Amino acid sequence: MSGSEARLERKAAYRLLAHLLASAEICAFEPGFYGTFRLLDAASRLAGALLEAGLDDPWLGRLRDDIEAKKVLLMSDREAYFAFLPEAARRMAERLREEGEEGG
Amino acid sequence: MNAPPARPSPVEAGGLLELLRRRRVCRRFSSHPVDERRLRMVLEAGCWASSASNNRIHRLLLVRDRRRIDLVRAVSPGMLGLPTALVVICTDLDAAARAQVRVDRDTTTWIDVGTAAMNMMVEAEALGLGTCPTTSFSRGGVRAVLELPPPAVPEFVLQIGWPAGAEPPAGTGTLEPAPAGRRLRAFVYAERYGTPLA
Chain A
1 MSGSEARLER KAAYRLLAHL LASAEICAFE PGFYGTFRLL DAASRLAGAL LEAGLDDPWL
61 GRLRDDIEAK KVLLMSDREA YFAFLPEAAR RMAERLREEG EEGG
Chain B
1 MNAPPARPSP VEAGGLLELL RRRRVCRRFS SHPVDERRLR MVLEAGCWAS SASNNRIHRL
61 LLVRDRRRID LVRAVSPGML GLPTALVVIC TDLDAAARAQ VRVDRDTTTW IDVGTAAMNM
121 MVEAEALGLG TCPTTSFSRG GVRAVLELPP PAVPEFVLQI GWPAGAEPPA GTGTLEPAPA
181 GRRLRAFVYA ERYGTPLA
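One line per chain: the protein sequences are A and B, in this order.
The opening residue of the first sequence carries number 1 in our numbering; numbering runs sequentially from there.
The opening residue of the second sequence carries number 1 in our numbering; numbering runs sequentially from there.
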């Protein structure tokens with residue numbers, strides 16, 4: 001595999017699946033906006049697992065670091081937290097577009 | 001009527017208030033394990049919490065096994081950090097039945113979980129430890145990974161550890177733990193539900 005690919009070990013994939021399934025369970029009774037946090041956290045965990053698996057992607061590393069720094073704003077600065085959600089989605093979308101352009 | 005004589009207190013009230021003010025949730029832990037002596041002090045604080053009608057229907061399960069902590073974290077989206085110890089507060093349905101407590105209707109049982117948790121968090125703070133309360137977890141998931149028997153209902157997971165960047169005081173590992181007192185033996189389990197603290 002090259003640095004642009006990564007293979008998730010089953011253990012790492014199972015950890016992420018457990019997190020997603022447990023999140024689905026507790027989202028049924030926790031405040032609705034917690035769901036945004038669970039998805040954001042899951043995105044960070046997936047990014048982290050891919051990087052740990054050897055993916056050479058500094059952009060993804062920065063995104064993961066930003067998510068880690070911003071997700072906890074839910075507890076201290078809700079306005080900034082909710083402002084980060086569309087920013088993160090936009091950055092990911094722009095990255096997808098760039099990837100498409102690079103791929104021709 | 002004369003007022004009862006004031007009881008001497010080993011804790012200065014202002015100091016206690018300051019401790020309560022400064023306590024914060026800890027979400028990043030060091031990998032240094034917490035010594036047995038401190039853990040027992042935290043657990044004993046939980047055991048001395050108020051209990052509705054002194055029913056004592058909750059049990060504290062101490063988990064230090066890294067693999068089991070990792071498994072609990074996998075099914076607990078509220079666990080953002082990786083602590084070196086967990087205390088799982090469980091309702092013991094057998095104890096509840098003996099005390100004729102209707103856990104489905106009696107809200108005092110929830111209050112008792114909270115008082116035990118708060119006692120432990122305050123004691124941990126006094127010992128320099130970090131804690132994070134966790135209620136966002138899959139009940140069935142925690143039951144499964146900790147192999148809890150049917151009467152044990154996990155209600156609350158307290159994450160405990162040294163805060164990231166805080167080194168344990170020198171000589172910490174050599175402290176001899178005090179023998180488990182009556183309350184610790186009665187209400188605390190180690191690693192597996194039903195296994196008393198030695």
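To be clear, the hints were calculated from the coordinates, so they are not data collected in a lab.
Here the structure is a predicted model, which is why all the values come from computation and not from measurement.
Ideal Cβ placement from N, Cα and C applies to all residues, glycine included.
Hints are not guaranteed to be accurate.
Below are the SDA-like pairs computed for lysine to any residue, each with C-alpha atoms no more than 25 Å apart in a straight line [said to hold, decoys possible]:
(1) Lys-70(A) to Ala-18(A)
(2) Lys-70(A) to Arg-27(B)
(3) Lys-11(A) to Ile-111(B)
(4) Lys-70(A) to Tyr-81(A)
(5) Lys-70(A) to Ala-166(B)
(6) Lys-11(A) to Arg-28(B)
(7) Lys-70(A) to Pro-133(B)
(8) Lys-70(A) to Arg-90(A)
(9) Lys-11(A) to Leu-40(A)
(10) Lys-70(A) to Val-25(B)
(11) Lys-70(A) to Asp-41(A)
(12) Lys-71(A) to Gly-100(A)
(13) Lys-71(A) to Arg-27(B)
(14) Lys-71(A) to Arg-23(B)
(15) Lys-71(A) to Pro-31(A)
(16) Lys-70(A) to Gly-165(B)
(17) Lys-71(A) to Leu-82(B)
(18) Lys-71(A) to Leu-96(A)
(19) Lys-71(A) to Glu-101(A)
(20) Lys-71(A) to Ala-164(B)
(21) Lys-70(A) to Gly-181(B)
(22) Lys-71(A) to Thr-135(B)
(23) Lys-70(A) to Ser-136(B)
(24) Lys-11(A) to Ser-31(B)
(25) Lys-11(A) to Gly-165(B)
(26) Lys-11(A) to Arg-64(B)
(27) Lys-70(A) to Pro-177(B)
(28) Lys-71(A) to Ala-166(B)
(29) Lys-11(A) to Phe-29(A)
(30) Lys-70(A) to Leu-80(B)
(31) Lys-71(A) to Ser-30(B)
Label pairs and their in silico Cβ distance ranges [said to hold, decoys possible]:
(32) Gly-81(B) to Thr-36(A): 16 to 26 Å
(33) Pro-58(A) to Trp-110(B): 39 to 49 Å
(34) Glu-101(A) to Gly-81(B): 31 to 41 Å
(35) Asp-56(A) to Asp-94(B): 52 to 62 Å
(36) Asp-56(A) to Gly-81(B): 20 to 30 Å
(37) Thr-108(B) to Leu-96(A): 51 to 61 Å
Is it true that the CA of Lys-70(A) sits at most 25 Å from the CA of Tyr-81(A)?
Holds, at about 6 Å.
Measure nothing beyond the straight line between the CA atoms of Lys-70(A) and Arg-90(A); if it is 25 Å or shorter, mark the hint as holding.
Given that 25 Å is the threshold and the Cα spacing comes to 15 Å, the pair holds.
Does Lys-71(A) pair with Thr-135(B) here, judged by a C-alpha cut-off of 25 Å?
Holds, because 18 Å separates the two Cα atoms, which is no more than 25 Å.
Proposed proximity, Pro-177(B) with Lys-70(A) (alpha carbon, max 25 Å)
violated (40 Å)
Keeping to a limit of 25 Å between CA atoms, is the pair of Lys-70(A) and Ala-166(B) held or broken?
Holds, because 23 Å separates the two Cα atoms, which is no more than 25 Å.
Could you say whether the range 20 to 30 Å given as a hint is met by the Cβ separation of Asp-56(A) and Gly-81(B)?
holds (27 Å)
Take a quick look at whether Lys-71(A) and Leu-82(B) sit within 25 Å of each other, Cα to Cα.
Satisfied, since the Cα-Cα distance of roughly 17 Å is no more than 25 Å.
Is Lys-70(A) within 25 Å of Ala-18(A), Cα to Cα?
Given pair Lys-70(A), Ala-18(A) holds - Cα atoms ~23 Å apart, limit 25 Å.
Would the hint linking Lys-11(A) and Ser-31(B) be met if the CA-CA limit is 25 Å?
Roughly 21 Å separates the two Cα atoms, so the pair holds.
Given the proposed pairing of Lys-70(A) with Gly-181(B), does the C-alpha separation stay at or below 25 Å?
It is violated: about 44 Å lies between the C-alpha atoms, which goes past 25 Å.
25 Å Cα cutoff - pair Lys-71(A), Pro-31(A):
Distance ~16 Å between Lys-71(A) and Pro-31(A) Cα, so the pair holds.
Between the alpha carbons of Lys-11(A) and Gly-165(B), is the straight-line distance 25 Å or under?
The hint is violated at about 29 Å.
Figure legend: structure checked against the earlier numbered hints; hints not met, in rising order: 3, 12, 19, 21, 25, 27 and 29.
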